[in-house]
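Chemist: Got chain S sorted already, so can you dock chain U onto it with the hints?
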Amino acid sequence: VREDLHTLAGAYALDALPDQDRLLFEGHLARCDACAEEVRGLRETTAQLGAAAAASAPAHLRVQTLARVREVRQVPPVVPDLAPRARRARRGSRLALGLAAACLAVAVGTGTVAVRAQHELDRAEAANRAVAAVLSATDARTVTGGLGEAGAATVVLSRSRGQIVFASSGLRRLPESETYELWLMGPREVRPAGLLRPDPGGRTPPLVAGALGDADRVGLTVEPAGGSPQPTTTPLVVLTLPVA
Amino acid sequence: MGCVVANGGRPVRLFRKPASAGARERRSPELDLLLGRVGRGEEAAFEQTYDQVADLVYGLVRRVVRDPAQSEEVVQEVLVEVWRNASRYEPAKGSAMAWIMTVAHRRAVDRVRAEQAASERHARVARSEQVVAYDEVAEDVEARLDRERVRRCLDTLTELQRQSVALAYYEGYTYREVAELLTVPLGTVKTRMRDGLIRMRDCLGVEP
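Protein sequences appear in the order of chains S and U. Take the first sequence: its position 40, counted from the start at 1, is 40 in the working numbering, and no numbers get skipped. Heads up, the working numbering is the position in the second sequence plus 244, with the first residue counted as 1.
Extracted from the complex, chain U is given alone in its bound form:
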């Protein structure tokens, strides 16, 4: 089964088949508190934060950027930014996890957009789609459960919603590029991204 999205006519497997099912609340109050301590300059708290989020940040950045050496640079940028700006994190405005992953995704996307013209990126994606390192996917149980939940929720989306969300998020394409790749009008892509994410949100039981 797995989740498959079309990418310029080529299938891209997003997730490997799940080994087990389960659900878990992602928001970790501990991480929120930890980040507060990081904001007060506690290096030990930063180390703990690093250990909690490094695999998540690395996996995401790797997924978007692909190149291992560049990914490492971006991951380091992200974590340094987390350290630097931790005092600005406000728990009332969202979880520490979302704050960190937002920084990570934005940095990853900045990197690919700065580096490559769209045409090169098409080639890059096509070239590397079979080498995406699924053997490097974290195999601990928690990560597997998360992946399974997300996969199951992605399966509740329409094909167009799923493709729009996945191409933007995992490939770092702009909505204009997604519209081009899927040959649908811009307005449609905008709407599908929004209603697709809303459906994901409701499926995952996210509390804003």
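Just chain S, with the same shape it has in the complex:
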């Protein structure tokens, strides 16, 4: 299967892999320097394919984009070790009141699944300041996706905090030998973001993960008990994180 994975380098560089395959390949990429090197060369190549399609961008787009950028905070550079998360958590709780309203406003736009999952988040927030801090961030955004037949996965992310909160429902109970694992997926790497254990009702309590870095997706897989450094199975769900 390894060898087979390697042949996906072309499809990967063309962004032609569905999310599941992409996650698997990125896991492989993290352990294979030769593959990473090949992908780099192929990305330079596809960039030229892209450049060959150049067309004049409308002038108003320049004005809009430059204006937008002035309102967007940049992510900090990657540093070897990030400050402990606990320090940020302290600030969250007094914002909890505004939180419910903010989340509801977000959820209304994304439909009933979101409302239900969001409601779960709201309940748990009282007990979890770190969760509240993300949910109450002014730039908090919600993404939801279906999970299995009746389940849902919800991510609330705050780019300014560089964190997400993940919650889900409808997960089957796993044998002792397995666990659910969450992943932060970016253009360069897939990072483990925590292990999840569903309650008897199939729900997982809100889990805070970060630093987000340049992660643009969140995935959930089943892994051997104790978790894996890289995903080894096809994700049950992959959620794309909005940019802004």
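No lab work stands behind these hints: they were computed from the structure. Remember, it's a predicted structure, so these values are computed and weren't measured experimentally.
Derived contacts from chain S toward chain U, CB cut-off under 8 Å, selection only:
1. T45
2. Q64
3. V72
4. T240
Each pair of labels, with its calculated beta carbon distance range:
5. G431/U x R70/S: 45 to 53 Å
6. E176/S x P273/U: 54 to 62 Å
7. R173/S x P312/U: 46 to 54 Å
8. H6/S x Q314/U: 32 to 40 Å
9. T234/S x P429/U: 14 to 22 Å
10. D295/U x S160/S: 23 to 31 Å
11. R281/U x G148/S: 43 to 51 Å
12. P312/U x S160/S: 29 to 37 Å
13. G201/S x R281/U: 47 to 55 Å
14. E274/U x P175/S: 55 to 63 Å
15. G194/S x Q314/U: 31 to 39 Å
C-beta atoms are modelled at their ideal positions from N, C-alpha and C, and glycine is treated no differently.
Modeler: What follows is chain U alone, placed relative to chain S:
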């Protein structure tokens, strides 16, 4: 001549006939440096970056997404992401151009995949193939030379390599969809995408 790929039996013209030949090194050290300055929050550097890449990003996104209004949204997303994540750009891992175009292509593909079921996209491609706005193609000399180089290199690929690469890259299809469209096995498409791109890379003289 031009480059023609079959798309479900219908020909799609990818590039207009070249007006002149030429070759040029794409990697621009200036852009790499510029992006470094963007990472340090210099708005002026971002403006310069915008001016260097906006037509490239817009052309690519437009090519994949097609709808002008949606394309503009995606282009803005891409450039905001460039601004936001510029501090994470590492020149050792590739050119700034490749970094930006990768973001652009991924966002464009995300948009079309999120929006449409495969069947709708077939219809969309069929519908719009003759309206692809070639009159909007940037006509400055550099862009024309780039296009000519790429076209010439695409011509060195086998038909199946070229179709696999073009359908994935310019139409945003997954390799499974490409296999379906070309009625060839999945494994064949995977391999053709890889060896096709490798041949393109060697033809273009890309340094990884």
